[in-house]
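Engineer: Line order of the protein sequences matches chains A and B.
Taking this note's numbering, the leading residue of the first sequence gets 395, the next gets one more, and so forth.
Taking this note's numbering, the leading residue of the second sequence gets 196, the next gets one more, and so forth.
Be aware that one or more of the hints could be misleading.
Derived SDA-like pairs: lysine to any residue, alpha-carbon spacing no greater than 20 Å straight-line [stated by the list, open to error]:
(1) B:K383 - B:P312
(2) B:K681 - A:E551
(3) A:K580 - B:D270
(4) A:K610 - A:D528
(5) A:K447 - B:G460
(6) A:K478 - A:G437
(7) B:K390 - B:T355
(8) A:K580 - B:K295
(9) B:K281 - A:R537
(10) A:K543 - B:A277
(11) B:K281 - A:K447
(12) B:K295 - A:D528
(13) A:K543 - B:G279
(14) B:K494 - B:Q342
(15) B:K437 - A:G437
(16) B:K273 - B:K437
(17) B:K295 - A:G437
Far from chain B by the CB rule (all over 10 Å, computed), these chain A residues [what the hints assert, rightly or not]:
(18) V408
(19) S413
(20) R415
(21) S461
(22) E469
(23) K580
(24) E591
(25) S623
(26) L627
(27) L637
(28) S639
(29) F687
(30) K712
None of these hints come from the bench; they were simulated from the model.
Cβ coordinates follow ideal geometry from the N, Cα and C atoms, glycine included.
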Amino acid sequence: MDFIKLVYTLLIKVEGQRSYRSVYHLLKGKKSAQTIQDAHLFGVKNYFAIYPKLHIDVFDSIIVEMSNQGLINLEGTNFQVISKTSISEKPYANLNGYEYHTYDEWFFSQLLLLAQATSQHAHQSPRFIPIVDDIQVQHSVKRIWNMYKNNEKVIIEQLYSELHRLFELLTQEEANFISMQLTGNKHIGWSFTQLSEYYHLSYHDIHIWYKQTLHKMIHLIKDSNQTFSLLALLIPVTSEFNLTSSARKTYNYLQKNYSINQIMAVRNLKISTIEDHVVEIASSVDDFSIRPFVTEEMEQDILAVISKLNTRKLKEIKDQLTNNESYFQIRLAMTCTNSLD
Amino acid sequence: MMKTKEELEIDLYKYFGYKSFREGQYEIIQSVMNDKHTLATLPTGSGKSICYQLPALLSEGITVVVSPLISLMVDQVKLLKANGLKQVTALNSLMNPQQKKSVLDQLQNYKIIYCSPEMLQQEQIKTKFRACEISLLVVDEAHCISQWGHEFRPDYMKITNFHHDIGHPPILALSATATESIQNDIIKYLNVDMKKIIYPMDRQNITYAIEHTEDDLEKKERLLNLIENNEVPTMIYFSSKKVCEAVSRYIGETFPNKNVAFYHGGMESRERLLIQQQFMFDQLDIICCTSAFGMGVDKANIRLVIHYHLPSTIEAYIQESGRAGRNGDHALSVVLFAEGDEALPFRLIESELPDEQEINKFVNLQEELGIKDLQSEISETKFRFLEYHSTLLKQKSPISKGEQKELIIAQSNHRKKVKSQNLFNLLEWVHIDGCKRRSLYNGFQNDIRPAHFYCCDYCDFNIHKWKFKKPKQKVNQSINWEDKLKEMFLIGEE
């Protein structure tokens, strides 16, 4: 849960291939084809979008601080890691940013509000100011609450027992940490600033710890859908892919056998944009075939160059290729290497 | 058939949980329910909103409330909903088109609709309102209509058009800070005959003190003394977020046994809400905040309000210090002042209004797309000001860009002058050698009522000898998750 260590870990992964800002885009979950592809390419998709509210100035100052401490060498936006002490990724094993980022905060907001509402009713004081402002969250929790209408006792006991079972599956520390954030009758939960003072950790450390525990909880609930039937309602059923909405539209056209040129025409977009979408789709959708765009032979050639040069830099790869493969084709072929990681 | 006072009190209890009216409320409600256009002033924290909320719930049609601040509207809606009143909503610019449409499509199902003055100008909204029965139009913070007011909002001057459009329902104009000339402006611009119900706005249970210090160091020392001597729910006002956070931490380190937190507009909304609610539920002893803190916050037991920084007007000071003692108990307002403190609010005034360069840019760009860039460069208040005045000028005879620039610059300078004058008034009050209470309310009422406890540090009060002692029951929150869950859901306490 050490944020600086986490950044350091990620810097080691992209060293020599990308600027340090790429780590920022990853944490932020930038919805660009480049960042999404990088997430797969460097085996760091679990870190994707785990800190959407991270400010660029804060990130930059952490980088400068790391350089001052002699951990990295800065040259413009490029950098070198000085001492590559082997860093274990074990502390972050629970993070699953790529899969959960679209709804993890939604889940927790709903949990906060459902716990508050249930606690208020348990204390027989059903009038309260919701601790979550988001109207959508309020509507959604209300819907769940109405499923138990006239049966308050059931929802109180069920939420208690499910939370109890869930917290038992966490470490004692994690369970305390999450339960402190819950708001109940006349007991407002702790803010991050207050938690950081209590645990003597930075605000960012608290945020990362929270994300890890949150993802652990979501994993546990999804894993055993049967035993957490109430909490499972807080997780949206997503058959949708983790695609940007624009890429999803392009994907729909591809499924209807539109060519790239046809999609350009109907969507009134530039070719580069559509190509970005295709790369994003190839990275995210497991059974998507790149064959219409890259022949098997080309793919073999590109992969051979990549392994020979041991680089992810597009320009270097292209310079070594003889059949005038396009950047688009190289990027597509690179998406195939992810599964080899 | 007009309800009797007793009948209305039954309704008051039913909807709001109060057994009887506070001063002024009944008289205003009576006037409103008799369909009279009414201009009413009540002191801050005396339950102004009940004066339209109760009539709204008791009448057939819709009550439209014009309110200047989105945060204020949102807080009011939240409080009403927490009281179990669901037919309320706020129409504001933060809504996305779907949300707005869903409210507009079922307008007649609401009892109270809060609305920003800009929204009332939109044709779509006017049309929808015209189709409904509107039983009351409330103009909250009505002093915003006057150029001489401390919070002039040009769009307030167009309320009269809206009033005309929706068929002249009764108007209730409310303010806690309206001098006589501002009251006259309100009546003039709303363009109706109004019954005036003016209550004195001085707060009899608040004692005023001003502490002059040499520098920031001494100021901090005085602050720590105040906190040490007064163990009561406390608010400390700052105009800088950075200082707000720093002093909050400093207090926390000095008094590990006190629960202190900071609150300002730069925090994430989840954090803000938690801190605000913790303060409401007495989990915090002290809150360090900027003026962003809870317009709608109605915590009754605050007994000490400290101004570490000065606000920019007397009215703002009256409003902020007025958060103390809402339950009628003795409360204390202390201003900590160091020479040179006035620089900050003067800078704020400059930054709130567009300068010559920005006005030039606006006038040159206004017919072009570049206006969007300008909008993101300058503050919302500045842009609103520019937009308002240029539209106003265009409605008159055609004029050249040069003339436009000059007229807008003149307007901007005029506002700066009004604002500076307001600040000078406040500074004069800070330095006055006389009764603080009398001079504070000087511009608003002819005489002041006697203090219920102590008056001020000029008349009868010595802050250095004062101690608010109150045994405090500290609420301990469980750190252990199993205990916490049991408390939350009352399990295992058969």
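Engineer: Does each hint fit the structure? Answer for all of them.
Structural biologist: Okay, the hints, checked on the actual structure:
With a CA separation close to 18 Å, the supplied pair K383 of chain B and P312 of chain B stays within the 20 Å bound. Our distance criterion of 20 Å between C-alpha atoms is met by K681 of chain B and E551 of chain A, whose separation comes to about 11 Å. Distance check on the hinted pair: K580 of chain A and D270 of chain B sit about 19 Å apart at the alpha-carbon level, within 20 Å; holds. A C-alpha spacing of about 24 Å is found between K610 of chain A and D528 of chain A, which places the hinted pair above 20 Å, so the restraint is violated.
Of the pairs offered as hints, the one joining K447 of chain A and G460 of chain B holds, with about 15 Å between alpha carbons and a cut-off of 20 Å not exceeded. Restraint check: the Cα-Cα separation between K478 of chain A and G437 of chain A comes to about 18 Å, which is no more than 20 Å; the hinted pair holds. Pair hint K390 of chain B plus T355 of chain B holds up; C-alpha atoms about 17 Å apart against a cutoff of 20 Å. A threshold of 20 Å between alpha carbons decides the hint, and for K580 of chain A with K295 of chain B the separation of about 33 Å lies outside it, so the pair is violated.
Taken as a hint, the K281 of chain B and R537 of chain A pair is honoured in the structure, with Cα atoms around 16 Å apart against an allowance of 20 Å. For the given pair, K543 of chain A sits about 19 Å from A277 of chain B by alpha-carbon distance, which is consistent with the 20 Å threshold. This hinted pair does not check out: K281 of chain B and K447 of chain A have alpha carbons roughly 33 Å apart, beyond 20 Å. The hinted pair formed by K295 of chain B and D528 of chain A meets the criterion: a straight-line CA distance of about 15 Å does not exceed 20 Å.
Taken as a hint, the K543 of chain A and G279 of chain B pair is honoured in the structure, with Cα atoms around 17 Å apart against an allowance of 20 Å. A distance of roughly 32 Å separates the Cα atoms of K494 of chain B and Q342 of chain B; the hinted pair therefore is violated under the 20 Å criterion. Restraint check for K437 of chain B and G437 of chain A: not satisfied, since their Cα atoms lie roughly 39 Å apart, outside the 20 Å limit. For the hint pairing K273 of chain B with K437 of chain B, the CA-to-CA distance comes to about 29 Å; that exceeds 20 Å, so the pair is violated.
The suggested pairing of K295 of chain B with G437 of chain A is violated, with an alpha-carbon distance near 43 Å, which exceeds 20 Å. No beta-carbon of chain B comes within 10 Å of the beta-carbon of V408 of chain A; the shortest separation is about 28 Å. The beta carbon of S413 of chain A is kept farther than 10 Å from every beta carbon of chain B, the shortest such distance being approximately 26 Å. Non-interface status of R415 of chain A relative to chain B is upheld: no Cβ of that chain comes within 10 Å, the nearest being about 22 Å off.
With a minimum CB-CB distance of about 25 Å to chain B, S461 of chain A clears the 10 Å threshold, and the non-interface call stands. The non-interface label for E469 of chain A is consistent with chain B: the shortest C-beta to C-beta separation is roughly 32 Å, beyond 10 Å. Not every beta carbon of chain B lies more than 10 Å from that of K580 of chain A, the smallest distance being close to 5 Å; the non-interface claim is violated. Remark: the non-interface label on E591 of chain A conflicts with the geometry, its nearest Cβ contact in chain B lying 7 Å away (cut-off 10 Å).
Non-interface call for S623 of chain A relative to chain B: holds, since the shortest CB-CB distance, roughly 17 Å, exceeds 10 Å. Every CB of chain B lies more than 10 Å from the CB of L627 of chain A, the least distance being 18 Å, so the non-interface label holds. Every beta carbon of chain B lies more than 10 Å from that of L637 of chain A, the smallest distance being close to 22 Å; the non-interface claim holds. Chain B leaves S639 of chain A outside its interface by the beta-carbon criterion, the shortest separation being 15 Å against a cut-off of 10 Å.
Annotated as non-interface, F687 of chain A keeps its C-beta farther than 10 Å from every C-beta of chain B; the closest such distance is 37 Å. With a least CB separation of 37 Å from chain B, K712 of chain A remains clear of the 10 Å interface cut-off, as annotated.
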